[in-house]
Amino acid sequence: MAVISGNNLGTRTAHKQADIRDPAQSVSGSHRRKIFQTLAFILFRAAAIINGIALFIIVYFMVAKGWRAITWTFLTQPPMDSMTKGGILPCIVGTLCLSIGAIITAMPVGIASAVYLNEYARPGLTLRFIRLGINNLAGVPSVVFGLFGLAFFVVILKMGVSITAGALTLGAMSLPVIIGATEEALKAVPDTYREASLGLGATKWQTIRKVVLPSAMPGILTGAILGISRAAGETAPIMFTGAVFFTPILPTSIFDEVMALPYHIYVLATAGTQIEATRHLQYGTSLVLIALVLGMNLIAIIYRSRLRRRMQ
Amino acid sequence: MDKSFKITSKNLNFFYGNFQALHDISLDFYERQVTALIGPSGCGKSTFLRCLNRMNDLIPRTRVEGEIMIEDQDVYASSLDVVMLRRRVGMVFQKPNPFPKSIYDNVAYGLIVNGIKDKAYVAQRVEESIKQAALWDEVKDRLHKSALGLSGGQQQRLCIARALAIKPEVVLMDEPASALDPLATQKIEELIHNLKELYTIIIVTHNMQQAARVSDITAFFYIGKLIETGDTDTIFTRPKLKQTEDYITGRFG
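Protein chains in written order, with our numbering: chain C, 1 to 312; chain B, 1 to 253.
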């Protein structure tokens, strides 16, 4: 039993009584291990493929059922005839305004929080408390964010139903994602950069501003935009705070109320007078929303690879 | 020796939490000399080096007792500005760690964070420092290209140039050649030899031949204690203690 070759390790427990040097056993053992390996491989691959299929099916349905709705009029006109005809321009503009507003408000706060947590905060009760808060914020249902936005931004801060209130609500909802992404990106910056900078007589803040943040920026931007684009597709947070059932005019100030793509889909699919007749508009609107979200992600990815290339 | 002391360390103890990494280290460094700190892994030589510019401050739950003086400045005085200290005591790390910026910006970094706005002066210091680090001819045509495109040895010389740009008085080197090939190592060693005209250099090394080649003074550390120190020639040819001799001749470590 002294010689144990790599080949029959797998049979040792299964065939304790058998002579492990028996060539036949050894061959069948390695055969079995190969089968297990192949099986595991197939299972894992299947699991991975399911993700791709899910996205494909979603996009396929949207395109198959909605592409007929996509016309120049659809993209450039407001809805007409009780939203059974016309386009969705106010919704596209509204969703863009809300998303950009959310990026502008949530990114600085999220990045600043993550820098504090990752670079400054000393381990202790305060840090644990803040982390607990952020983790729980991530688990709060979106409709609760909507109610919070209604109570806080719309009513208490007297913003009314407006782009500002909606964007802040979406921003609040994206904060945990932005903080998480930023912290990951900051952790990925090698400590040797920090040491080199501090060793040259830079202050901590100079080190963060000139070395750490620029290195982490590609990761931060991608994470933040993914977070916001996720939020941009939500209906619940904006239905009480920023989006309205119908308004044919485009916003002229950040205190205007807007239409928004996800809420418009919800309205068409549940509350219209002609739900069946507007199916193609519902799918068309969904298609535009998906295109918008994927487009934002694409911009994030392109921007990231540009920044990376500039650093190489 | 009629040379003056640049840095003196008196009864220095250092703790990582409850673990005492340095025991009662008293060691003096002469101005414009190269001092090598040698010893087996984990003997505390790097920890000691990082006490000299308070780099260990970055590690949580560490504690220092004793005294380190740079000329008449107490390094661990509460009134001392760590940023000012690190301008006087520059550092080169084990692995080349240029910033993901251009070659020029890497060397200019120390000047800019120290508030120097005169662009002509910065450009002049960048050129001088890169020349001092014996890198100028290799990079003069690509100063605005990324530093990450340089070879490991070039990167390390760039890091030395970066440290020299702010005109430190002391340069700490933590195994500066351990990640480099023999040719690049040789270049770094030649560089150290030239730099001691201007700077006080303290180098940690695992490489005994390197210590013998580059240093004037050698200090041998073992499990957190300073075992023996003296002229490099003496330490390598007639060490007083058996422990030192055993280490130097490769019987352990």
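Just so you know, the hints here were simulated from the structure itself, not pulled from any lab data.
Hints should not be assumed to be uniformly reliable.
Covered stretches of chain B (in silico footprint by chain C; criterion: 3 or more residues with CB under 8 Å from a CB of chain C, positions within the stretch not fixed) [said to hold, decoys possible]: (1) 92-100; (2) 150-163; (3) 221-233.
Pairwise CB distance ranges (calculated) [stated by the list, open to error]: (4) B:K10 x C:R306: 48 to 56 Å; (5) C:L127 x B:G66: 28 to 36 Å; (6) C:K187 x B:M84: 28 to 36 Å; (7) C:N135 x B:D137: 53 to 61 Å; (8) B:M84 x C:Y120: 38 to 46 Å; (9) C:A112 x B:S4: 43 to 51 Å.
Calculated pairs, DSBU-like style, for lysine-lysine (alpha carbon to alpha carbon, straight line, at most 30 Å) [claimed, not checked]: (10) B:K117 x B:K131; (11) C:K65 x B:K225; (12) C:K187 x B:K196; (13) C:K210 x B:K95; (14) B:K119 x C:K210; (15) B:K242 x C:K210; (16) B:K242 x C:K204; (17) B:K145 x B:K131; (18) B:K145 x C:K204; (19) B:K10 x C:K210; (20) B:K167 x C:K210; (21) B:K119 x B:K242; (22) B:K119 x B:K145; (23) C:K210 x B:K117; (24) C:K210 x B:K225; (25) B:K240 x C:K204; (26) B:K167 x B:K242; (27) B:K140 x B:K196; (28) C:K85 x C:K65; (29) B:K242 x B:K10; (30) C:K187 x B:K95; (31) B:K196 x B:K225; (32) B:K145 x B:K117; (33) C:K210 x B:K131; (34) C:K204 x B:K10; (35) B:K196 x B:K10.
We put the beta carbon where it would ideally sit given N, CA and C, even for glycine.
Okay, the hints, checked on the actual structure:
| no. | hint | verdict |
| --- | --- | --- |
| 1 | 92-100 | holds (count 6) |
| 2 | 150-163 | holds (count 3) |
| 3 | 221-233 | violated (count 0) |
| 4 | B:K10 x C:R306: 48 to 56 Å | holds (54 Å) |
| 5 | C:L127 x B:G66: 28 to 36 Å | holds (31 Å) |
| 6 | C:K187 x B:M84: 28 to 36 Å | holds (30 Å) |
| 7 | C:N135 x B:D137: 53 to 61 Å | holds (55 Å) |
| 8 | B:M84 x C:Y120: 38 to 46 Å | violated (21 Å) |
| 9 | C:A112 x B:S4: 43 to 51 Å | holds (48 Å) |
| 10 | B:K117 x B:K131 | holds (22 Å) |
| 11 | C:K65 x B:K225 | violated (78 Å) |
| 12 | C:K187 x B:K196 | violated (37 Å) |
| 13 | C:K210 x B:K95 | holds (21 Å) |
| 14 | B:K119 x C:K210 | holds (18 Å) |
| 15 | B:K242 x C:K210 | violated (50 Å) |
| 16 | B:K242 x C:K204 | violated (45 Å) |
| 17 | B:K145 x B:K131 | holds (17 Å) |
| 18 | B:K145 x C:K204 | holds (26 Å) |
| 19 | B:K10 x C:K210 | violated (37 Å) |
| 20 | B:K167 x C:K210 | holds (21 Å) |
| 21 | B:K119 x B:K242 | violated (56 Å) |
| 22 | B:K119 x B:K145 | holds (19 Å) |
| 23 | C:K210 x B:K117 | holds (16 Å) |
| 24 | C:K210 x B:K225 | violated (39 Å) |
| 25 | B:K240 x C:K204 | violated (45 Å) |
| 26 | B:K167 x B:K242 | violated (40 Å) |
| 27 | B:K140 x B:K196 | holds (24 Å) |
| 28 | C:K85 x C:K65 | holds (16 Å) |
| 29 | B:K242 x B:K10 | holds (25 Å) |
| 30 | C:K187 x B:K95 | holds (19 Å) |
| 31 | B:K196 x B:K225 | holds (27 Å) |
| 32 | B:K145 x B:K117 | holds (22 Å) |
| 33 | C:K210 x B:K131 | holds (25 Å) |
| 34 | C:K204 x B:K10 | holds (29 Å) |
| 35 | B:K196 x B:K10 | holds (24 Å) |
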